[in-house]
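Enquirer: Using the sequences and the hints given, assemble the complete structure.
Those letters in the sequence shown? Residues 73 to 242, per the working numbering, in order.
Since the hints were made in silico from the structure, they are not lab data.
Because the structure is a prediction, the values reported are computed rather than measured.
Incorrect hints may appear among the rest.
To be verified - Straight line, CA to CA, 25 angstroms or less: simulated DSS-like cross-link-like pairs of lysine-lysine:
| hint | residue 1 | residue 2 |
| --- | --- | --- |
| 1 | Lys134 | Lys191 |
| 2 | Lys209 | Lys141 |
| 3 | Lys93 | Lys146 |
| 4 | Lys174 | Lys108 |
| 5 | Lys79 | Lys93 |
| 6 | Lys93 | Lys133 |
| 7 | Lys108 | Lys209 |
| 8 | Lys191 | Lys209 |
| 9 | Lys146 | Lys184 |
| 10 | Lys146 | Lys79 |
| 11 | Lys191 | Lys174 |
| 12 | Lys134 | Lys184 |
| 13 | Lys133 | Lys79 |
| 14 | Lys133 | Lys209 |
| 15 | Lys153 | Lys93 |
| 16 | Lys191 | Lys180 |
| 17 | Lys134 | Lys180 |
| 18 | Lys209 | Lys153 |
| 19 | Lys79 | Lys191 |
| 20 | Lys93 | Lys209 |
| 21 | Lys144 | Lys133 |
| 22 | Lys133 | Lys146 |
| 23 | Lys174 | Lys93 |
| 24 | Lys108 | Lys180 |
| 25 | Lys133 | Lys184 |
| 26 | Lys79 | Lys174 |
| 27 | Lys184 | Lys174 |
| 28 | Lys184 | Lys93 |
| 29 | Lys93 | Lys108 |
| 30 | Lys141 | Lys191 |
| 31 | Lys146 | Lys134 |
| 32 | Lys144 | Lys209 |
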Amino acid sequence: MHPDIEKRWNGVEERRVALVKRVEGLSGPDQITRPKAGSFSPAEMIMHMALAERWNVGMMKKSPPPSLKGRKVKHGIFWDKTLETMRHPSGEVRTMPQMTPKGQVHLKDAEKAWEDVRKEMRVYFAQCETPDSPMLKHMFLIGTLSASDYLDLLEAHLHYHEVRFPSSGI
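Expert: This is the structure:
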C-alpha cells in the first residue's frame, strides 16, 4: 500500500476501533436504544457504517481500482455537498435504505460486520498506486473517486457519527 494511503488508512481504522469502544462503553440497553424516533441506536449506527462501506466495496468489486487505471477522477454534482454535510453536521442526514440496518442489531454482530468489510476494503486500497489513483466508480451523483477522495469520504462519515454520538440522534 502506498505510504500516504496507509497512513490515512491506519487513522480511519483507529477511529473505527475507538467508535466501537465508545458504544461498548454504554450499558446494554443504551447500546440498542434510539436517542429519538427515526435515528439509529448506537449499535445500529455501527451496523450502518458496515453497510455503507459494504455498499462501496460492492462497487469496487464490479470495477476494481486496476480496471479504472487511466480513467479521470471526476466528482459528481453531489460530491462537495455530501462531504460538507458530513464534515459540518448541523442536522440529520438521510441514508439510503441499503445502508439502514434491519431488525434487532447486536453490537458484536455490527462490530464484526464492520471489521470484515474493512479487511476487504484494505485490499482495494492496496491496489492503488498513488493517493490520486482512481479507486471507486461511484454513482454519477458522487462521481469517480481517487483513493484520497474515498479516504476523505470515510473520514467525513466517521466525523459525522462521532460528533452526533449518542445523544443527538445518530
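Enquirer: Does the structure keep Lys184 and Lys174 at a Cα separation of 25 angstroms or less?
Expert: holds, 16 angstroms
Enquirer: Would the pair Lys191 and Lys209 pass a check requiring their Cα atoms to be no farther apart than 25 angstroms?
Expert: Answer holds: Lys191 to Lys209 is near 20 angstroms, not above 25 angstroms.
Enquirer: Need the status of pair Lys184, Lys93: alpha-carbon distance at most 25 angstroms?
Expert: holds, 13 angstroms
Enquirer: Checking one constraint from the list: CA of Lys93 to CA of Lys209, max 25 angstroms. Satisfied?
Expert: violated, 32 angstroms
Enquirer: Hint check: Lys174 vs Lys93, CA-CA at most 25 angstroms. Holds or violated?
Expert: holds, 22 angstroms
Enquirer: Holds or violated: Lys108 with Lys209, Cα cutoff 25 angstroms?
Expert: violated, 35 angstroms
Enquirer: So if I understand the rule, the pair passes when the alpha-carbon distance is 25 angstroms or less; does Lys79 with Lys93 pass?
Expert: OK: Lys79 and Lys93 at ~21 angstroms, within 25 angstroms.
Enquirer: Would the pair Lys134 and Lys180 pass a check requiring their Cα atoms to be no farther apart than 25 angstroms?
Expert: violated, 29 angstroms
Enquirer: Between Lys134 and Lys184, is the straight-line Cα distance small enough, at 25 angstroms or below?
Expert: The hint holds at about 23 angstroms.
Enquirer: Between the alpha carbons of Lys93 and Lys146, is the straight-line distance 25 angstroms or under?
Expert: Given pair Lys93, Lys146 is violated - Cα atoms ~36 angstroms apart, limit 25 angstroms.
Enquirer: Does the alpha-carbon distance linking Lys174 and Lys108 stay inside the 25 angstroms limit?
Expert: Status holds; Cα separation ~17 angstroms.
Enquirer: Would you check the hint for Lys79 and Lys174, treating anything up to 25 angstroms between C-alpha atoms as holding?
Expert: violated, 34 angstroms
Violated hints for the displayed structure, listed by number in ascending order: 3, 6, 7, 9, 15, 17, 20, 26.
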